[in-house]
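Novice: Chains A and B supply the protein sequences, listed in that same order.
For the record, in the first sequence the residue sitting at position 186 is 186 according to this note's numbering, with numbers rising by one throughout.
For the record, in the second sequence the residue sitting at position 159 is 159 according to this note's numbering, with numbers rising by one throughout.
Read the hints as simulated data drawn from the structure, not as lab findings.
For clarity, every value in this text was computed on a predicted model and none was experimentally measured.
Heads up, the beta-carbon is just placed ideally off N, CA and C, and yes, glycines get one too.
Wrong hints could be hidden among the right ones.
What the hints assert, rightly or not - A short, non-exhaustive set of chain B residues, derived as facing chain A with CB atoms under 8 Å: (1) Leu53; (2) Ala61; (3) Tyr63; (4) Asp68; (5) Leu127; (6) Pro128; (7) Gly134; (8) Val152; (9) Met168.
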Amino acid sequence: MSFTALDYVHGRHLGAVYFSQESAFVTPGAERRACVVADTVDITPTQVVITPVCLSSVPYDTEAVVKGDLGVTVAFSYYLQPATTVLTTGATPDDTAAAPLRIPLKTVFGGESVAAGSDVDTAASASSIAVTGGEGSRFPAGQVILVHTSDVIGWEVAQVRSRSTDAITVYPALGGTPAGGRDIVNTYCYYPTRTNSLTMSVALSPRNTDRQWRALGCTGSATFKFERGNLAVADFALTGATFSGPEALSLSIARAADTMAAPVAVRNAVAWLQPCATTTRVTTPIESVEVACSFGMTHLPSLTGTTEGERGVMRSEGLNDAFATITVVVPDNTDVYTWYAAQVNLSFTFFAKVVDASSNLRVVGFMAPQCTIVEYLPPVAGEMNLSKTRVVLRARMSEQCSGTLDNEELAQAPFVLFLG
Amino acid sequence: MAFLATHRERAYAILCDGAGDVGHTITAGIFRRAWSTAEDVEAPAAERVVELLDGVTRPVAGYNNPLDGRDISVTSFAVRVAYLLHEGGDLDTYDAAGAQSGGASHDAIRARAGADAKIISDAFGWLPSWTAAGLAPTVIDVAPDPDGVGAVDIQDDRALLVVPFLMMYRADLPGAYGPSLS
Numbered sequence: 001m002s003f004t005a006l007d008y009v010h011g012r013h014l015g016a017v018y019f020s021q022e023s024a025f026v027t028p029g030a031e032r033r034a035c036v037v038a039d040t041v042d043i044t045p046t047q048v049v050i051t052p053v054c055l056s057s058v059p060y061d062t063e064a065v066v067k068g069d070l071g072v073t074v075a076f077s078y079y080l081q082p083a084t085t086v087l088t089t090g091a092t093p094d095d096t097a098a099a100p101l102r103i104p105l106k107t108v109f110g111g112e113s114v115a116a117g118s119d120v121d122t123a124a125s126a127s128s129i130a131v132t133g134g135e136g137s138r139f140p141a142g143q144v145i146l147v148h149t150s151d152v153i154g155w156e157v158a159q160v161r162s163r164s165t166d167a168i169t170v171y172p173a174l175g176g177t178p179a180g181g182r183d184i185v186n187t188y189c190y191y192p193t194r195t196n197s198l199t200m201s202v203a204l205s206p207r208n209t210d211r212q213w214r215a216l217g218c219t220g221s222a223t224f225k226f227e228r229g230n231l232a233v234a235d236f237a238l239t240g241a242t243f244s245g246p247e248a249l250s251l252s253i254a255r256a257a258d259t260m261a262a263p264v265a266v267r268n269a270v271a272w273l274q275p276c277a278t279t280t281r282v283t284t285p286i287e288s289v290e291v292a293c294s295f296g297m298t299h300l301p302s303l304t305g306t307t308e309g310e311r312g313v314m315r316s317e318g319l320n321d322a323f324a325t326i327t328v329v330v331p332d333n334t335d336v337y338t339w340y341a342a343q344v345n346l347s348f349t350f351f352a353k354v355v356d357a358s359s360n361l362r363v364v365g366f367m368a369p370q371c372t373i374v375e376y377l378p379p380v381a382g383e384m385n386l387s388k389t390r391v392v393l394r395a396r397m398s399e400q401c402s403g404t405l406d407n408e409e410l411a412q413a414p415f416v417l418f419l420g
Numbered sequence: 001m002a003f004l005a006t007h008r009e010r011a012y013a014i015l016c017d018g019a020g021d022v023g024h025t026i027t028a029g030i031f032r033r034a035w036s037t038a039e040d041v042e043a044p045a046a047e048r049v050v051e052l053l054d055g056v057t058r059p060v061a062g063y064n065n066p067l068d069g070r071d072i073s074v075t076s077f078a079v080r081v082a083y084l085l086h087e088g089g090d091l092d093t094y095d096a097a098g099a100q101s102g103g104a105s106h107d108a109i110r111a112r113a114g115a116d117a118k119i120i121s122d123a124f125g126w127l128p129s130w131t132a133a134g135l136a137p138t139v140i141d142v143a144p145d146p147d148g149v150g151a152v153d154i155q156d157d158r159a160l161l162v163v164p165f166l167m168m169y170r171a172d173l174p175g176a177y178g179p180s181l182s
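For reference, chain A alone in the conformation it holds in the complex (with noise of 0.2 Å):
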């Protein structure tokens, strides 16, 4: 008997990634290539195992081990980038084959809500827009969209507070009143829901296609990231009740096309950190910003009826605090200081934005439309020694939006990933 080494790359170095959504607990759906970023993807299987401790006479003398439940831990990170059609009138959004990165953000977060987007029909002011009639419904209350308010201001990112029929009312408000027939681009936008099921499967194939796996019944967590100098990106870092492989499971290895529009880089952002009362555009210069969710997603445990010790997934710990704790550092300013001592109500939205060559705004960014600073402020030295001061923020249901909800979670949500 021999030893015969398989020589081949890792396929987290040179390799081909899938994603699916279950459509049940560990049965995977129609899968989708995805580009992850190389180098990050990690499929870690594991496996119980239980060692016997029976009474001998002689030292060392050791039982074989017991096999017990499988699982798998999986991390990859993932370009925030956006869908490559933009959304609107008359757009129909990107499925899955063309922007998988909507299966990992749905399958954490829970909720997805995206449409095509429509026009002004007329506006009243610079926060009452009707849109083209029998289209209101595309922007629900809690929405983030993008409004062309004029040719000089251009693209203005704005979040629906209210809607009633085709009339939807915008925070914050736009720098003017946008003329009839201007565009309204729709976004994807990701919140999290009260009750989420929802499980991914993952598959990592290396060159050799005999040595290929796959960790199903996956969820878990993201953390978020807008860091100067790069581009914005998701560490996904999720838990699967069990795995396939190494073997061959039909998973191509041709080469394939990134099907997303390209990454964001993070050097042209925006924040607006201000007041929720305050209805106009507050740009708030800071140095840098952390986003801590707590998507609190667990696998549900039973003896029997499971799959490898498991039967499903559930959205069940910290429910009592708060989802996202965001972290900005910002130059030392005397309203911070007035807004925690009043427990003042903020609105926190930040964007990295890039003009593509069609002169469509392409975003990625997040909103906390409802937050309070919640430790006392200390100053901080900064690059070149400059005072800054350190806010900590945590995002609440939010109460902002009114009138009748079409979709309660997106309007109370205390925070929306948009990518548009």
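Starting from the known structure of chain A, fit chain B onto it as the hints suggest.
Specialist: Coordinates of chain B only, in the frame set by chain A:
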């Protein structure tokens, strides 16, 4: 940098022809494209002649997975600007628009170079001036090099200013960027 030839031409258009997003352009005529290099052009014709210097290219995140079909890389390049030195530095000190403006003393040249470095950094660093041109590969970002602007190098007959940049782009992998062979 042949595969970024259109980007190179765009850079010269921004520098010399007033191209770019309105409000973030360099007035056409301030800079002139060097027919050879900023060092080799004849001294009398050297004032505000500009040349692009190529740097290194490396993948962002350290590696590109060829099976993903995309190349996200960052390439360094620099703008070199020449200024004519006159003996005695006794020219007029007014700073009119155009290539042949300003005094020629070391101090006057450093002052002009500092101002030029600012307008070049501002114009190149304004992303819409690149994305609106629909270049392929897609430009993700053009940022002034975080290590700073090069010092003014005073030589015998001219001074040279170097303004470095980092361009991040997304290209197809493999891509069809070479010359046609058929």
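Novice: Let me know if the C-beta of leucine 127 (chain B) comes in closer than 8 Å to any C-beta of chain A, holds or violated.
Specialist: For leucine 127 (chain B), the interface hint holds, since the closest Cβ of chain A sits about 6 Å away, which is under 8 Å.
Novice: Should the hint that alanine 61 (chain B) touches chain A count as held when the rule is a Cβ pair under 8 Å?
Specialist: 5 Å, holds
Novice: Taking the closest Cβ pair, is glycine 134 (chain B) under 8 Å from chain A?
Specialist: 3 Å, holds
Novice: Does valine 152 (chain B) meet its interface restraint, that is, does its C-beta lie within less than 8 Å of any C-beta in chain A?
Specialist: Not OK, violated: valine 152 (chain B) not within 8 Å of chain A, min 23 Å.
Novice: Under 8 Å is the threshold here; is the Cβ of methionine 168 (chain B) close enough to any Cβ of chain A for the hint to stand?
Specialist: 6 Å, holds
Novice: Against chain A, is aspartate 68 (chain B) within 8 Å by beta-carbon distance?
Specialist: Hint on aspartate 68 (chain B): holds, closest Cβ of chain A at ~5 Å, below 8 Å.
Novice: Double-check leucine 53 (chain B) for me: the hint is only fine if its C-beta lies closer than 8 Å to a C-beta in chain A.
Specialist: Cβ of leucine 53 (chain B) sits 22 Å from chain A, so the hint is violated.
Novice: Can you verify the interface hint for tyrosine 63 (chain B): is its Cβ closer than 8 Å to any Cβ in chain A?
Specialist: With Cβ-Cβ at 5 Å, under 8 Å, it holds.
Novice: Was the hint right that proline 128 (chain B) lines chain A, CB cutoff 8 Å?
Specialist: Proline 128 (chain B) check passes; min Cβ-Cβ to chain A is 5 Å, inside 8 Å.
In summary, the structure is inconsistent with hints 1 and 8 from the numbered list given earlier, while agreeing with the others.
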